[in-house]
Amino acid sequence: MRPVAVIGIGKTAFGVLPGDLRSLAVEAIAGALSDAGMGAAAVEAFYLGNFAGPSFVGQNHLAPYVGMAAGFGAIPATRIEDACASSGSAFFHAWQSVAAGIYDVVVAAGVEKMTSQGTPRVTEILAAAGDMASEGRAGATFPALFAMIARRHMHEFGTTRRQLASVAVKNHANGAKNPLAHMRKVITLEQALGGKPVAEPLTVYDCSLISDGAAAVVIVPAEHAKRYTSRFARVLAVAQTSDHVALDEKPSVTVFPAVRSAGDRAYALAGLGPQDIEFAEVHDCFTIAEIVASEDLGFVPKGDGGPFAEAGCSAITGRLPINTSGGLKSKGHPVGATGVGQICDVMTQLRGDASERQTARHRIGLAQNLGGSGATCVVTILEAA
Amino acid sequence: MAESREGVVYTETVVHSATPQFAADAPYQLAIVALDSGRKVTVRISGDRAEIGDRVLFVEERDGVAYYRKR
Chain A
1 MRPVAVIGIG KTAFGVLPGD LRSLAVEAIA GALSDAGMGA AAVEAFYLGN FAGPSFVGQN
61 HLAPYVGMAA GFGAIPATRI EDACASSGSA FFHAWQSVAA GIYDVVVAAG VEKMTSQGTP
121 RVTEILAAAG DMASEGRAGA TFPALFAMIA RRHMHEFGTT RRQLASVAVK NHANGAKNPL
181 AHMRKVITLE QALGGKPVAE PLTVYDCSLI SDGAAAVVIV PAEHAKRYTS RFARVLAVAQ
241 TSDHVALDEK PSVTVFPAVR SAGDRAYALA GLGPQDIEFA EVHDCFTIAE IVASEDLGFV
301 PKGDGGPFAE AGCSAITGRL PINTSGGLKS KGHPVGATGV GQICDVMTQL RGDASERQTA
361 RHRIGLAQNL GGSGATCVVT ILEAA
Chain B
1 MAESREGVVY TETVVHSATP QFAADAPYQL AIVALDSGRK VTVRISGDRA EIGDRVLFVE
61 ERDGVAYYRK R
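In the order they appear, the protein sequences are chains A and B.
Per our numbering, the very first residue in the first sequence carries number 1; after that it's consecutive.
Per our numbering, the very first residue in the second sequence carries number 1; after that it's consecutive.
Isolated chain A (complex conformation) (with noise of 0.2 Å):
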């Protein structure tokens, strides 16, 4: 396997915006190869994540009808679909095609057009990445089923309305410092307390935001990637891992075995552990997620992750920064661009690029994108060059 470089990144907003799909794609991905300094001809493969598109704007057959109009002519151009993983996962295969020698040059990008849609029936369209003939057909939402498990989560651990809303509340003071967020806005403890209820215990506040954007790297063999850039990463590791799709056939919904199996497979890959992350983007696309992730990823032991985020142990200054884009809570979740979107966030503090957002540290960076309630799971650990 070849050592692989992420060696340009392209972004749009996230939020409520103007443009179509179509042209959001394209705009990400002009901006990945202006910054990789490279034209689209060079590409020489496409990985696009896209969750919904034919049920959010009524649009199949993505990847060339995307890569055509970003100037890819005859390249192989492939949609992949894993839920909120679908860009995370297009990274794993893009990253995949390089390492085993296929490609020099691979874009993987990720894009979702949401607001096109009202919340009921984007309710609808998310609840689909769950079990339709069982947890779907009984009236489960996504909010649902992360109420469930942050029920449960309370039940077991003691973790409290508090520490979950200490989550929004980190994560919306980084987003108020983020110019690509869709939700730049600072939040109090008590009005993320005092939200309307979603799913109880889960109120607005501790649920991501329906958005639209798309995101777009660039990825070359390590050893070419001088030849482009100085601010180019090393990735480290790349794994991706599946579980049950209905949360009522995990044996425990508190842990989420594919963070755990993916988490340790990149640890391994990489030769590094939790404690040797300086910072991460993890998929908190509720409060309660980004708390089970940090258990799951080993950066707090089973249980802690209440108690870490209410300390401050997450937020930019912290132990351990968490989300300090702002996370899909502020930053936004247009669902199939955010696991991209989170691998270019964390190659902007890798970068030194983050001005009031950036780290103290920030050498080794990790990103963990979520599918579903927990069935896909894709962790990538990146090196600053």
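It should be emphasised that the hints constitute simulated quantities derived from the structure, not laboratory data.
Cβ coordinates follow ideal geometry from the N, Cα and C atoms, glycine included.
One thing to keep in mind: the hints can contain errors.
[To be verified] Label pairs and their calculated CB-CB ranges:
no.	chain 1	residue 1	chain 2	residue 2	range
1	A	116	B	46	49 to 55 Å
2	A	360	B	46	50 to 56 Å
3	B	64	A	78	24 to 30 Å
4	A	102	B	71	20 to 26 Å
5	A	317	B	38	42 to 48 Å
6	B	71	A	273	19 to 25 Å
7	A	16	B	64	32 to 38 Å
8	B	23	A	133	28 to 34 Å
9	A	133	B	36	20 to 26 Å
10	B	49	A	1	25 to 31 Å
[What the hints assert, rightly or not] No farther apart than 20 Å at their CA atoms in a straight line, the calculated lysine to aspartate or glutamate pairs in the DMTMM-like style are these:
no.	chain 1	residue 1	chain 2	residue 2
11	A	226	A	44
12	B	70	A	200
13	A	177	A	356
14	B	70	B	51
15	B	70	B	54
16	A	196	B	63
[Claimed, not checked] To spell it out: a stretch of chain B is covered by chain A in this simulated footprint if at least three of its residues, at any positions, have a beta carbon under 8 Å from a beta carbon of chain A; those stretches are:
no.	stretch
17	6–12
18	16–26
19	39–48
Please build the complex by placing chain B on the supplied structure of chain A, with the hints as guidance.
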């Protein structure tokens, strides 16, 4: 032998924001019940609100949705 349709609430929530299909039902209680057989199922709770650890039993199936209630 038919599977027992009695068990214990493993976790639960009350859903306030539903999909269009279930909007008229909201708010409604949803639970994962650990049946006595060991299998877990996602069901609706009717009647009194059930909490983790409460024993519940099957009431009826309506439009493909299984309803349980506190024992």
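- Query: Tell me, which hint numbers fail for this structure?
  - Reply: 1, 3, 4, 6, 8, 10 and 16
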